[in-house]
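Visitor: Residue numbers (this note's numbering), protein chains in the order written: chain A, 3 to 432; chain X, 17 to 339; chain U, 2 to 320.
Below, in silico cross-link-like pairs of lysine to any residue (SDA-like), each with a Cα-Cα straight-line distance of 25 Å or less:
id	chain 1	residue 1	chain 2	residue 2
1	U	Lys131	X	Gln31
2	A	Lys260	A	Asn315
3	A	Lys169	A	Leu130
4	X	Lys268	A	Gly148
5	U	Lys226	X	Ala66
6	U	Lys131	X	Ile74
7	X	Lys337	X	Asp241
8	X	Lys337	A	Glu72
9	U	Lys131	X	Ser180
10	U	Lys27	U	Ser89
If you want the ones that stay clear, here's a sample from chain A, every Cβ over 10 Å from chain X, calculated:
id	residue
11	Gly35
12	Ser81
13	Ala168
14	Ala277
15	Ser284
16	Glu323
17	Ala332
Read the hints as simulated data drawn from the structure, not as lab findings.
Bear in mind that the values here come from a model prediction, so they are computed numbers and not experimental data.
Where is the CB? At the ideal position from N, CA and C, for every residue including glycine.
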Amino acid sequence: MAVNVLMPKLGLTMETGVIARWNFKDGDTVKAGDAIYQVETDKLTNDVLAEADGILRIRFAAGAVVPATEVVGVIVGPSEAAPWAGAPAGAATPAAHSEASAPATPAPFSPTTVGTGRPRATPKARKLAMERGIDLTILRGSGPGGMIAVKDLEGARPPRVSPLAAKLAVDLGADLSAIRKEGRIMKADVLAVAARPVVPPVSDAGADGRCEPMSAMRRAIARNMSASWNIAPMVSYNLRADVTALAELKKNLNIERKVSYTDLLIKLVARALQAHPLLNASVEGEEIILHEAVHMGLAVALEDGLIVPVIRNAESKSLGEIADEAALLAEKARQGRLTPDEYTGGTFTLTNLGMFGMESFTPIINQPESAILGVNAIVRTAVEVDGRIVMRPLMNLSLTADHRAANGAEAAMFLALVRDLVENPWKLLL
Amino acid sequence: MKNITFSQATLEAMQEEMLRDESVFVMGEDIARQGGIFGQFKDLPQMVGADRVMDTPISETAIVGAAVGAALAGMRPVADMHFADFFGVCMDEVFNQMAKIRYMFGGQTKVPVVVRAPDGMAKGAAAQHSQSVESWFVHIPGIQVVAPSNPADAKGLLKSAIRSDNPVIYFENKTLFPLKGDVPEGECLTPIGKAAVCREGRDMTIISYSAQLLKCLEAAKLLADEGISAEVLDLRTLSPLDTDAILTSVVKTSRVMIVHEAVKQGGVGAEVAAIIAEEALDALDAPVARLGAPFTPVPFSPVLEDQYRVLPAQIVAAAKKLF
Amino acid sequence: MYSKDLLRSLYSGMVKIRRFEETIEKHFLAGEIPGFTHLYIGEEAVAVGVCHNLTPKDYIESTHRGHGHCIAKGAEIKPMMAEIFGRSTGVCRGKGGSMHIADFKVGMLGANGVVGGGYTLAVGAALAAKLRRTDQVAVVFFGDGASNRGTFHEAANMAAAWKLPALFVCENNEWASTTPYRTTTSVADIADRAAGYGMPGVKVDGNDVLAVYEAAGELVRRARKGEGPALLECKTYRVKGHFVGDPEKYRTREEVQKRFSESDPIKLFEERAVKEKWLGKAELDSVREGMAAEVVDALAFAKSSPYPDPQELFTDLYD
Numbered sequence: 003m004a005v006n007v008l009m010p011k012l013g014l015t016m017e018t019g020v021i022a023r024w025n026f027k028d029g030d031t032v033k034a035g036d037a038i039y040q041v042e043t044d045k046l047t048n049d050v051l052a053e054a055d056g057i058l059r060i061r062f063a064a065g066a067v068v069p070a071t072e073v074v075g076v077i078v079g080p081s082e083a084a085p086w087a088g089a090p091a092g093a094a095t096p097a098a099h100s101e102a103s104a105p106a107t108p109a110p111f112s113p114t115t116v117g118t119g120r121p122r123a124t125p126k127a128r129k130l131a132m133e134r135g136i137d138l139t140i141l142r143g144s145g146p147g148g149m150i151a152v153k154d155l156e157g158a159r160p161p162r163v164s165p166l167a168a169k170l171a172v173d174l175g176a177d178l179s180a181i182r183k184e185g186r187i188m189k190a191d192v193l194a195v196a197a198r199p200v201v202p203p204v205s206d207a208g209a210d211g212r213c214e215p216m217s218a219m220r221r222a223i224a225r226n227m228s229a230s231w232n233i234a235p236m237v238s239y240n241l242r243a244d245v246t247a248l249a250e251l252k253k254n255l256n257i258e259r260k261v262s263y264t265d266l267l268i269k270l271v272a273r274a275l276q277a278h279p280l281l282n283a284s285v286e287g288e289e290i291i292l293h294e295a296v297h298m299g300l301a302v303a304l305e306d307g308l309i310v311p312v313i314r315n316a317e318s319k320s321l322g323e324i325a326d327e328a329a330l331l332a333e334k335a336r337q338g339r340l341t342p343d344e345y346t347g348g349t350f351t352l353t354n355l356g357m358f359g360m361e362s363f364t365p366i367i368n369q370p371e372s373a374i375l376g377v378n379a380i381v382r383t384a385v386e387v388d389g390r391i392v393m394r395p396l397m398n399l400s401l402t403a404d405h406r407a408a409n410g411a412e413a414a415m416f417l418a419l420v421r422d423l424v425e426n427p428w429k430l431l432l
Numbered sequence: 017m018k019n020i021t022f023s024q025a026t027l028e029a030m031q032e033e034m035l036r037d038e039s040v041f042v043m044g045e046d047i048a049r050q051g052g053i054f055g056q057f058k059d060l061p062q063m064v065g066a067d068r069v070m071d072t073p074i075s076e077t078a079i080v081g082a083a084v085g086a087a088l089a090g091m092r093p094v095a096d097m098h099f100a101d102f103f104g105v106c107m108d109e110v111f112n113q114m115a116k117i118r119y120m121f122g123g124q125t126k127v128p129v130v131v132r133a134p135d136g137m138a139k140g141a142a143a144q145h146s147q148s149v150e151s152w153f154v155h156i157p158g159i160q161v162v163a164p165s166n167p168a169d170a171k172g173l174l175k176s177a178i179r180s181d182n183p184v185i186y187f188e189n190k191t192l193f194p195l196k197g198d199v200p201e202g203e204c205l206t207p208i209g210k211a212a213v214c215r216e217g218r219d220m221t222i223i224s225y226s227a228q229l230l231k232c233l234e235a236a237k238l239l240a241d242e243g244i245s246a247e248v249l250d251l252r253t254l255s256p257l258d259t260d261a262i263l264t265s266v267v268k269t270s271r272v273m274i275v276h277e278a279v280k281q282g283g284v285g286a287e288v289a290a291i292i293a294e295e296a297l298d299a300l301d302a303p304v305a306r307l308g309a310p311f312t313p314v315p316f317s318p319v320l321e322d323q324y325r326v327l328p329a330q331i332v333a334a335a336k337k338l339f
Numbered sequence: 002m003y004s005k006d007l008l009r010s011l012y013s014g015m016v017k018i019r020r021f022e023e024t025i026e027k028h029f030l031a032g033e034i035p036g037f038t039h040l041y042i043g044e045e046a047v048a049v050g051v052c053h054n055l056t057p058k059d060y061i062e063s064t065h066r067g068h069g070h071c072i073a074k075g076a077e078i079k080p081m082m083a084e085i086f087g088r089s090t091g092v093c094r095g096k097g098g099s100m101h102i103a104d105f106k107v108g109m110l111g112a113n114g115v116v117g118g119g120y121t122l123a124v125g126a127a128l129a130a131k132l133r134r135t136d137q138v139a140v141v142f143f144g145d146g147a148s149n150r151g152t153f154h155e156a157a158n159m160a161a162a163w164k165l166p167a168l169f170v171c172e173n174n175e176w177a178s179t180t181p182y183r184t185t186t187s188v189a190d191i192a193d194r195a196a197g198y199g200m201p202g203v204k205v206d207g208n209d210v211l212a213v214y215e216a217a218g219e220l221v222r223r224a225r226k227g228e229g230p231a232l233l234e235c236k237t238y239r240v241k242g243h244f245v246g247d248p249e250k251y252r253t254r255e256e257v258q259k260r261f262s263e264s265d266p267i268k269l270f271e272e273r274a275v276k277e278k279w280l281g282k283a284e285l286d287s288v289r290e291g292m293a294a295e296v297v298d299a300l301a302f303a304k305s306s307p308y309p310d311p312q313e314l315f316t317d318l319y320d
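The following block holds chain A by itself, in its conformation from the complex (with noise of 0.2 Å):
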């Protein structure tokens, strides 16, 4: 009895995924419960492990981009053969004969992706979708050997595109069909595609330059920041914290259990949120969503990337949960172990480059939150104290807010509360 191995939705907004690497060959015997491919979404890097005992028959070649449920592989028993390699090698029927007349016949097309991602289509179906605005890579083909033919667009809409969108995306000459969103285009899809860098010509590389593709997290990151980065107004706020009560509170603490600066940041930070919620937000369209709960986001530097799992609540917990979460998040995440709900869904973000000696920077709004906290090193720092000049330890604060959200003098008045509670971290019992 064949199984087969799918290419497992890993989210509600995973459309594909991207098969990374083969653990095993095309033939060879697998077990039960065998990491047999790792796929790749933009997100994160998933092994998907064998659900049967068998011989395991591939479908999509290393690098194929195949929709999400779609099945890539399949385990069979030792006489069975794979539902799309046709009849089983060496049992030619004779309405075959003429096509398997070559003394060695080859072995039949894999209806795969090329690659490069590109997917299988007739050539008529390719040029009506290009002409079409629809994207190939949503569909699936229902053609001959699994191609998208002519009938499988028929379904497909072209996408609806708002009238502003629309013309922008004339006026920059973006190309709506790269835009994958199952709603309506806004002017901010726009924009995030008309900003894409345009991949200099490999001859301009350079002698000693090399070209080398994006990693699917890079493109994700790389998407994403640029939307932000084109559709939020953003503005930078700078405070300094005198961060003395906070590391005496945080000595304190680590007798009993070690938290770090974040975790106490991130408590304090959504105790702020919740008094200045339009930083603890989303704008969609022309409305702004003021959310109840802090979801706050932690960002996790990765060794090729970035990703930012996410503690739900974070202004119902206790320090010690925080903590233990932040923990455990921040190592799932190294590991490419995250799940899709532990890594979306968040409403603030919170960024520490103080590990490394940064004392000031602009961070980027992960939207579709309006603010972002970057969090600095700890200086110490000569300062005035009641008329004298004394030594403290100062850390710098350095917001990020959506000024479609959030006025200059909204986001200064949160962030001076932060700087208050971290001050005057006794406030949190309050």
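Given chain A, put chains X and U in place with the hints provided.
Guide: Then chains X and U, alone, in the frame of chain A:
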């Protein structure tokens, strides 16, 4: 209209053209006394005069060479090859002499020769008497190649070939000779270089010619029962190909299959497929399909010979894979 | 007794060919002529002797060594020269060249790049004459090397079986390309093969233009009367290499010079003409000068003619 056999149609063409033009004569093995081994020349000497219908020595080289030489001296010879397989015997006369003379002598002369070549599989004729070798000649500039599939075109193409100032190779499938069909009364000329849609369809195009076309028409009927509307295009002329007709049909239906009795590898289907790929790739909603004989000589035993043929059921099966 | 006109015509024909070929050789070696060229020097008596029995309505089929046949059959040398130079004014509009030269106006149905390719074509032309009941004849020239092609058999048999007005003229120049014919040919006298086809086979000194003229004349008359084909073998010698530029590793220069000095058909004719008082020295000189001037004109014509328009690639192929 009259209902006559393919063989009678070719005979009418010969008779009409020989009576119309005194410079036309015909020579070949076993044609005058015997009337041709398929009866296609039966009583022709009585119709047009014995001196213009000549039994030759078994000398294919001399038959084709003399036909060319007579053409250079102002005649319009028709040479009969007996079996198309014997082209191998006289290939120099065909491709270095007949095909080249007009061009390499700068158009000082024309070479109005027709070579009739019975081809294809008859029951058990085996490797040296069954071949379909048309694709050899499609590769040679300077000659034209026709291959009728029915009595009307058999007559019309033979008459056009005889009147043509170009050398024409006229392939006549042996199995077609006894088949009957409607032939127009009076003048009947099929233009060289024009294909014909012999069945209209919407969903796919089947391109074929000669005897194999009949199998394609059968297949088209079977496909209609399954809801697939297949257009069937009879190429009729293989060189020059009617590119317009091919592309028009492919653009209309978006799917195409080429079927011939000849070996698939390097066959006419390869050329047709290449033209489609060059000129109409983005009209295609499925890969081009080709069906032809396997890459082996024609076998003898009836069981093996049946394996060698492309039958309607296989055409249907291959057609369905295009959807 | 030969008429003075005939003698002068035979002589001028041979001289014209000789001069033409010498000019071609010079300009080929200068790199002005593309392709392959095969010279007829030393064999002039064959073409001239045979063709003096033919009218422009008769047909000849020639060989890759065909300039001599073409000139002897009456072709104008200006378009011939232009053809060999690849010019648009060439007799084949620059599409044939030396190896594929033809002049249908004078019944010269073409040189043939395929050795032994001409027999069956000549048989066809003879068949056309028979079917039309004209008195035309068709002559095919071929070499000792070509005599070993199977086409000879099919053509000779068909011509003999149908009593066609055809004449097979073998120019036995002793060399099949670079191979001595005796090492690859079953008989010393190719004329002997005629017996196998029930037709006359005649041997003649191919360097004696009058002997060739006489022998061919008899066989042509026979053919015209409907008595069927014949084979005439003309014993001659190939003075030049197989092609211009042939390194000739298969024979020595001395050998060639010796043979040529003994058998040059023009020299032999001149000696005899003077000795028999057929033509005076001054007359011979005047013919030579006239022919040289004609060839100079032809060369000038060829070299001043344009190359074909590139569009010419697609003409003269189909209706």
